[in-house]
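**Q** Residues per chain are reported as follows:
2 protein chains.
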Amino acid sequence: MNRIKINLDKKISRSYDLYIGKDIQDRATLLIARGNWAKRYFLITDTNVSDLYGSRVLDTFRSMGMPVEMITFPAGEASKTIHTAVAVAEELLGRGADRTSGLIALGGGVVGDLTGFIASIFMRGIPYLQFPTTLMAQVDSSIGGKTGVDLPMAKNMLGTFCQPKAVFTDVGFLKTLPVAEYMNGLAEIVKCAIIDDPGLLDLLEEQAVLLMNVGEPEPWVPIVTRACEIKKKIVEIDEKEQGLRRILNFGHTLGHAVEAEADYAIPHGEAVSMGMAGALNLSEKLGHLPVSDRERIMGFLQKAGLPVRIPGGLSTEGVISRMQRDKKKEGKVVHFVLLRRPGMPFVNGGVPESLIRETIEGLKR
Amino acid sequence: MNRIKINLDKKISRSYDLYIGKDIQDRATLLIARGNWAKRYFLITDTNVSDLYGSRVLDTFRSMGMPVEMITFPAGEASKTIHTAVAVAEELLGRGADRTSGLIALGGGVVGDLTGFIASIFMRGIPYLQFPTTLMAQVDSSIGGKTGVDLPMAKNMLGTFCQPKAVFTDVGFLKTLPVAEYMNGLAEIVKCAIIDDPGLLDLLEEQAVLLMNVGEPEPWVPIVTRACEIKKKIVEIDEKEQGLRRILNFGHTLGHAVEAEADYAIPHGEAVSMGMAGALNLSEKLGHLPVSDRERIMGFLQKAGLPVRIPGGLSTEGVISRMQRDKKKEGKVVHFVLLRRPGMPFVNGGVPESLIRETIEGLKR
Chain A
1 MNRIKINLDK KISRSYDLYI GKDIQDRATL LIARGNWAKR YFLITDTNVS
51 DLYGSRVLDT FRSMGMPVEM ITFPAGEASK TIHTAVAVAE ELLGRGADRT
101 SGLIALGGGV VGDLTGFIAS IFMRGIPYLQ FPTTLMAQVD SSIGGKTGVD
151 LPMAKNMLGT FCQPKAVFTD VGFLKTLPVA EYMNGLAEIV KCAIIDDPGL
201 LDLLEEQAVL LMNVGEPEPW VPIVTRACEI KKKIVEIDEK EQGLRRILNF
251 GHTLGHAVEA EADYAIPHGE AVSMGMAGAL NLSEKLGHLP VSDRERIMGF
301 LQKAGLPVRI PGGLSTEGVI SRMQRDKKKE GKVVHFVLLR RPGMPFVNGG
351 VPESLIRETI EGLKR
Chain B
1 MNRIKINLDK KISRSYDLYI GKDIQDRATL LIARGNWAKR YFLITDTNVS
51 DLYGSRVLDT FRSMGMPVEM ITFPAGEASK TIHTAVAVAE ELLGRGADRT
101 SGLIALGGGV VGDLTGFIAS IFMRGIPYLQ FPTTLMAQVD SSIGGKTGVD
151 LPMAKNMLGT FCQPKAVFTD VGFLKTLPVA EYMNGLAEIV KCAIIDDPGL
201 LDLLEEQAVL LMNVGEPEPW VPIVTRACEI KKKIVEIDEK EQGLRRILNF
251 GHTLGHAVEA EADYAIPHGE AVSMGMAGAL NLSEKLGHLP VSDRERIMGF
301 LQKAGLPVRI PGGLSTEGVI SRMQRDKKKE GKVVHFVLLR RPGMPFVNGG
351 VPESLIRETI EGLKR
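Protein chains in written order, with my numbering: chain A, 1 to 365; chain B, 1 to 365.
FYI, nobody ran anything at the bench for these hints, they're computed from the structure.
Be aware that one or more of the hints could be misleading.
Said to hold, decoys possible - For lysine-lysine, the following BS3-like pairs were computed, each having C-alpha atoms within a straight-line distance of at most 30 Å:
| id | chain 1 | residue 1 | chain 2 | residue 2 |
| --- | --- | --- | --- | --- |
| 1 | A | K5 | B | K5 |
| 2 | B | K5 | A | K232 |
| 3 | B | K5 | A | K165 |
| 4 | B | K175 | A | K11 |
| 5 | B | K175 | A | K5 |
| 6 | B | K285 | A | K155 |
| 7 | A | K233 | B | K11 |
| 8 | B | K233 | A | K165 |
| 9 | A | K175 | A | K10 |
| 10 | B | K11 | A | K165 |
| 11 | B | K232 | A | K10 |
| 12 | A | K11 | B | K5 |
| 13 | B | K285 | A | K10 |
| 14 | A | K175 | B | K232 |
Unchecked claim - Between beta-carbon pairs, the in silico distance windows are:
| id | chain 1 | residue 1 | chain 2 | residue 2 | range |
| --- | --- | --- | --- | --- | --- |
| 15 | A | N156 | B | S315 | 14 to 24 Å |
| 16 | B | E353 | A | R246 | 51 to 61 Å |
| 17 | A | D26 | B | T47 | 56 to 66 Å |
| 18 | A | G125 | B | G96 | 51 to 61 Å |
| 19 | B | M153 | A | S354 | 54 to 64 Å |
| 20 | A | D26 | B | P352 | 44 to 54 Å |
| 21 | B | F346 | A | N156 | 29 to 39 Å |
| 22 | B | K175 | A | I12 | 21 to 31 Å |
| 23 | B | N156 | A | H83 | 44 to 54 Å |
| 24 | B | M153 | A | D202 | 52 to 62 Å |
| 25 | B | G349 | A | G96 | 41 to 51 Å |
| 26 | A | R246 | B | N7 | 56 to 66 Å |
Don't be surprised by glycine CBs; every beta carbon is placed ideally from N, CA and C.
One chain only, chain A, in its complex shape (with noise of 0.2 Å):
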């Protein structure tokens, strides 16, 4: 039996630079000529944003002498498939996209999921860069590159981990964001700030009354780039998710159970909000964070109008059988991100169920 080994050790360039700040295209365009990552864009969008900023968006790039077109799908999860990434890599290919292409990304999370995922498979890969236009992905899924679209039988099964050229995140677009969208974001950034910086509880705190009046986006510039900081340390370290970057998940291993409980009726950050606080109080009840650092998180979730309880309706039982569903998907037990203190969060793997079944129905009360 003969052996040939194929040499492909190398070191590849992945790295690329996020940019935040308020009503930044004109500049954006400046560094996306600068970077020279193809020779035509096509601006990949959703109809809810298109009729926002879709033409405002287009008319800069032009003016700026930028070659780009947009190409629209519908707005919502229900467009997160392998049809629609089929469908616009058929309108790319109609409209004569090829290996010199780039895809923009203008859009909250399914948009940029999507058009990372087509960009990383059509034609073997193409570029991509980023505008995202939601809080949430502006402090989340805009940073660490991982691209997807759901099948029928569960979310994000498709996908690549597939890092964007550049990250354009204006606070400019906040301005038009629901309030439910608003809570989806907040409720990330408060997990950041409790996982790994302290410091931006204190800010949230001082600025909450600045942050809520959605007229005027300018604050969220310190937190969003605060937050995006925090996210860059843990993708770095773990660009694959192979290990810390689990502490992201702090909040979720309950919240993820609650909201596909109350099928999806339950925004995002709010079960999130939920799960955090029973992550909170079984950190407490085990012994590894104080009564005063639990009460302390708790109020501030309240006070910026995030839920911490549990719809009394919710089924316990069926919760917990979420949860051991994905842990059996997984060949593995659940994973509990605990906490014992802000900034330092530990993942364990052998909370008791009783201890989650009473924690949940202590969070019902």
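Go by the hints and put chain B onto chain A.
**A** Relative to the frame of chain A, chain B by itself:
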């Protein structure tokens, strides 16, 4: 505007071993156990290969304690679609596959490309191994990590560069290979010899009779090994087909156009052989290649049963316009890989259309 740099420049380990021999499945199984790439494997194959080898391969794996089950899809290029990829992914999910599972491609190019593609997008990427069963897959598609599926509009439009964890090339599978499939692989091997290894041309000339004895594939071991070494060298230098790897297109510019113009009624290997004949004639006409070298290679192609004439009925203008359509699509000029002498190819982008026409007409006489 704030700037955060996401640092992801890392040395990535994507090297892998390619093993070549006859009846090597036992040793392959031990190497897979040692590799420990996955907890559980799914053998992906098509109905043809499954009928011939499915249960034997499965039994051998299982008799050695390897946890593996089989998923089969209909044989043929028509299966190389996103729909098959999604169907296999759903079957994987239904059988409880997760991020700790791995795929094994058992088959020719379609099985390999499709399995590699599924592995690269299932749950954002799981490991895969290759057991190429056709000569073509053994010397070509199993090296280089090109995965993909076709779209109705064009071939290989969706795909990735994704390296397998190991490739096990067993010439034992060649016993049942149809003659047309031998020709496909042989054309590929001759191409490798022409562009990089004149010594392999000598070896092929010496062994021609032995190689055609399909009952005993042992003589293919050194030939396949040498062809793989050529491919390996090129892929290592140019993993993502940005420059050097283009020389692997020797014979393919014209070959692809002939294949398409004949509506795929001409097998790929024969079309490539015709394309190589065209490239050799062009190289000589342009004063790059000595007559004796052209005559020698043309002689060998004919001796090996590979065609060096284009069917008279095929439209010359049709072939030319197909080459130019590709050119427009890529926003570039037609690239011909030409030859100075065996082992010295170069990419020429400026062949006059009149000379291309004359060459095609010449091949039809």
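**Q** With reference to the structure, classify each hint as holding or not holding.
**A** Hint-by-hint comparison with the structure:
no., hint, in the structure
1, A:K5 to B:K5, "35 Å, violated"
2, B:K5 to A:K232, "8 Å, holds"
3, B:K5 to A:K165, "11 Å, holds"
4, B:K175 to A:K11, "41 Å, violated"
5, B:K175 to A:K5, "26 Å, holds"
6, B:K285 to A:K155, "58 Å, violated"
7, A:K233 to B:K11, "18 Å, holds"
8, B:K233 to A:K165, "29 Å, holds"
9, A:K175 to A:K10, "44 Å, violated"
10, B:K11 to A:K165, "18 Å, holds"
11, B:K232 to A:K10, "15 Å, holds"
12, A:K11 to B:K5, "17 Å, holds"
13, B:K285 to A:K10, "41 Å, violated"
14, A:K175 to B:K232, "54 Å, violated"
15, A:N156 to B:S315: 14 to 24 Å, "48 Å, violated"
16, B:E353 to A:R246: 51 to 61 Å, "59 Å, holds"
17, A:D26 to B:T47: 56 to 66 Å, "57 Å, holds"
18, A:G125 to B:G96: 51 to 61 Å, "30 Å, violated"
19, B:M153 to A:S354: 54 to 64 Å, "58 Å, holds"
20, A:D26 to B:P352: 44 to 54 Å, "46 Å, holds"
21, B:F346 to A:N156: 29 to 39 Å, "46 Å, violated"
22, B:K175 to A:I12: 21 to 31 Å, "41 Å, violated"
23, B:N156 to A:H83: 44 to 54 Å, "20 Å, violated"
24, B:M153 to A:D202: 52 to 62 Å, "55 Å, holds"
25, B:G349 to A:G96: 41 to 51 Å, "20 Å, violated"
26, A:R246 to B:N7: 56 to 66 Å, "20 Å, violated"
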